[in-house]
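Peer 1: Here are the chains, one letter per residue:
There are 2 protein chains.
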Amino acid sequence: MSDLVTNLKALLGEGAVQDGDDAVQAGLARGRLGRPLAVVRPGSTQEVAAVLRLCHDAAQPIVPWGGLTGLVEGARADGVVALSLQRMNRIEDIDAAGATMTVEAGCILQSVCEAADDKGLFFPLDLGARGSATIGGNISTNAGGNRVLRYGMMRDLVLGLEVVLADGTVLSSLNHLIKNNAGYDLKQVFIGAEGTLGVVTRAVLRLRPKPASQNMALLAVDTYAHLPRILRNLERGFGGTLSAFEVMWEDFYKLVTMPPAAGRPPVPHGHAYYVLIEALGGDEAEDAARFERVLADELEKGEIADAAVAKSKAECARLWGLRDDVLQVGQNAPVFTFDVSLGIVEMESYVADVRAALLKRWPAMTLMVFGHLGDGNLHLIPGVGDGSSQARHAVEEIVYDALRQRGGSVSAEHGIGLEKRAYLSYSRSAEEVALMHRLKKAFDPGNILNPGKIFAAA
Amino acid sequence: MSDLVTNLKALLGEGAVQDGDDAVQAGLARGRLGRPLAVVRPGSTQEVAAVLRLCHDAAQPIVPWGGLTGLVEGARADGVVALSLQRMNRIEDIDAAGATMTVEAGCILQSVCEAADDKGLFFPLDLGARGSATIGGNISTNAGGNRVLRYGMMRDLVLGLEVVLADGTVLSSLNHLIKNNAGYDLKQVFIGAEGTLGVVTRAVLRLRPKPASQNMALLAVDTYAHLPRILRNLERGFGGTLSAFEVMWEDFYKLVTMPPAAGRPPVPHGHAYYVLIEALGGDEAEDAARFERVLADELEKGEIADAAVAKSKAECARLWGLRDDVLQVGQNAPVFTFDVSLGIVEMESYVADVRAALLKRWPAMTLMVFGHLGDGNLHLIPGVGDGSSQARHAVEEIVYDALRQRGGSVSAEHGIGLEKRAYLSYSRSAEEVALMHRLKKAFDPGNILNPGKIFAAA
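For the protein sequence lines, the chains are V and X, in the order given. Numbering follows numbering that gives the first Met the number 0, in which position 16 of the first sequence is assigned residue number 15; successive positions increment by one, without gaps. Numbering follows numbering that gives the first Met the number 0, in which position 311 of the second sequence is assigned residue number 310; successive positions increment by one, without gaps.
Pulled out of the complex, with its shape left as it was, chain V reads as follows:
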């Protein structure tokens, strides 16, 4: 046992530090995490700071762990210390008048949403991993998800942060104010930095009024060019209440509406695109009528081939259930997951080009496509019958090359981690990457915070 691990045990107690086979098991449990030297679970900000001071003095790299639901190997901790925020999962305060909530970083997203709901308020972040993803991870990856169109990404939902810096300094920036231009807004630097600039330990979240109404429909559309127009018309017609415009390409829609999936098709198969729309409003009775009227106006224009309106909360949940049933892609295993963003008008040709290039090489290939079209974000999940790293690399070249030509981003919401590091330059200029290095060096000169993630050391 290394001196460092001995010291960590002395600091936190034996129960809060796993090393040897225990640490490896903790890593293996969630896959692709490597074999950590140790997994430490501090119970307070002071303990996180003490761990950081020890590691800093020993030049020991650490990798922050949240819910381990990330998809880009951002939490891989091979041979280094994994710092789990799991035990720091308290909701410390809900200020209903100010509409804020103060939480520890290890809080589960779903718990936060439920706690807000209990107070008649609403925390809008929503994504498939809601039951295990943590707020700290959501912050460090600037999580997106299902309602970005209306409420923004995690960055827009955070008012204040407490962060432990590389040397163990506690930066308490637990601002509760919507507007605060007193010098640099430092929290912005840590949001989306994937744990490479500091360890997020607490956050003040901004809550919203709880919507009084939820109205949803599933639309079938045959021509891609109609989609952006439908989006803009619904945005305008719903007057700020449109909260989702999720598009499923036909193959994905079939996958989640046929056995072995539990879902059944609310509108028949046979169309090119299926759009889940949702509006969250202020009046249960009136909003339903408005929803149907705006939709009827849109149907009149002849660009929507078919539509099914959800008539109850249960039907709304079933529609979201289809969109969320991403695990069905396992039917095509092995698969690779991509998370790109690009201009809405480019998406049709982009998907067509990627599909053609993949089919040319792998004629039996499957390609599932769906995404947050209102945000310019697509998920592509190709299965080429080969899960090797060589196959992955070949698929990446195809997916990202077509993206680079269109000025897109290799990561809309998942982050870069290790997985996309080689492609960062497809979406960021040399000057941008150089400045990222400069920022990293200023905040973590010893390169101990999640080293190698996003980019290799300069």
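Note that these hints are calculated values from the structure, not bench results. Some clues are possibly wrong.
When chains are identical, the list treats them as one kind, so a pair holds in a single copy or across two.
The list that follows gives simulated cross-link-like pairs (lysine-lysine, DSSO-like), each with its CA atoms no further than 30 Å apart [as the list claims (entries may be wrong)]: (1) 300 with 253; (2) 253 with 359; (3) 312 with 440; (4) 312 with 8; (5) 359 with 312; (6) 310 with 118; (7) 300 with 118; (8) 8 with 118.
We have chain V; now place chain X onto it with these hints.
Peer 2: Just chain X, lined up with the frame of chain V:
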């Protein structure tokens, strides 16, 4: 003429560089700007970069100038080079399908709003100085204004930036995507940095659907404690369309509704608070009925003493005209302007404490108070009959001391500049200020970019 000025003239042409008395006049024209060594007006990003390279090599401080409407001496350029973006005022592109606009930093805010409107879109930033403030200045100060409640501050309206760094490097980060998690989101560092980390030269702005309806009312409320409840109820009832909740304390309301002001009171004097509310929605006919119904429900509760609903576009404009008629405070000249934020529930006691402390020292003191209550932001404009710097300092101590006790911010939206530098520590911890210094040093090691603003060199 210094060598540097000679070189600047050679670089940009004589017409683009004013020095000597001309530079002083350019500074004097807008007050409190000092006596610049020279005022340079580059016409392109390349020229800005060339100016920065020259100044960098000569260790010559520069101060970026936008529309010079700032209120905190952020553009003061005494004895140094003022770099005006005034000539870089082109709207380069409007992408209606993607809902983005690409502009040069010197574009006037109002021109941007009008150009969006012409395309059936909406750029939501709105503030009193709209006719002369520039987009670059709005970005560098993270401007707020009248509709933050609905659309956020300038930070939320910017997708991409082009910035020239201290050494003349052009950082082109002209992202058009709503979601882009490819590494650090560098633009966040420059937004609100008051020109101390780079010179913003171009921006990609996010546009919104143009609202189809605007409904407004002026409410009179006698008890402060009713205001937060009314705010939350209207937010909920309007279902995401509430775009302003502006509160005027009685003295301010009287000032803007009596001669010599042009405005007249839509509801009678004699109440403690007057609230301007606005909802921007998607349906002209239906939204008016909804607005009146939600308001009627709220009136039923007995917390609103009186209300006047605007019945036309002209009446809406007149209501905004009252709130915007801030120049009436000149009646109490000399006055000092404050821009603070704090928790909504703290505001009543805060204003009362400040008023009492000011009256104790200056019995004939006037205090105008109004602000964006929905954002936790108040403007206080005391007139104590003395415009000296001693009087200013004494007033500042009173205004900021009461704020510090309540965890508020000395700047909600105006920034720090030189004026509030001494009070930065009232709203930010020593660790935060130290990290700001570290960021500054990493981005501008020679301290040539707007030096001394926000904080003095370490």
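Peer 1: Tell me the numbers of any earlier hints that the structure contravenes, in ascending order.
Peer 2: 3, 4, 5 and 8
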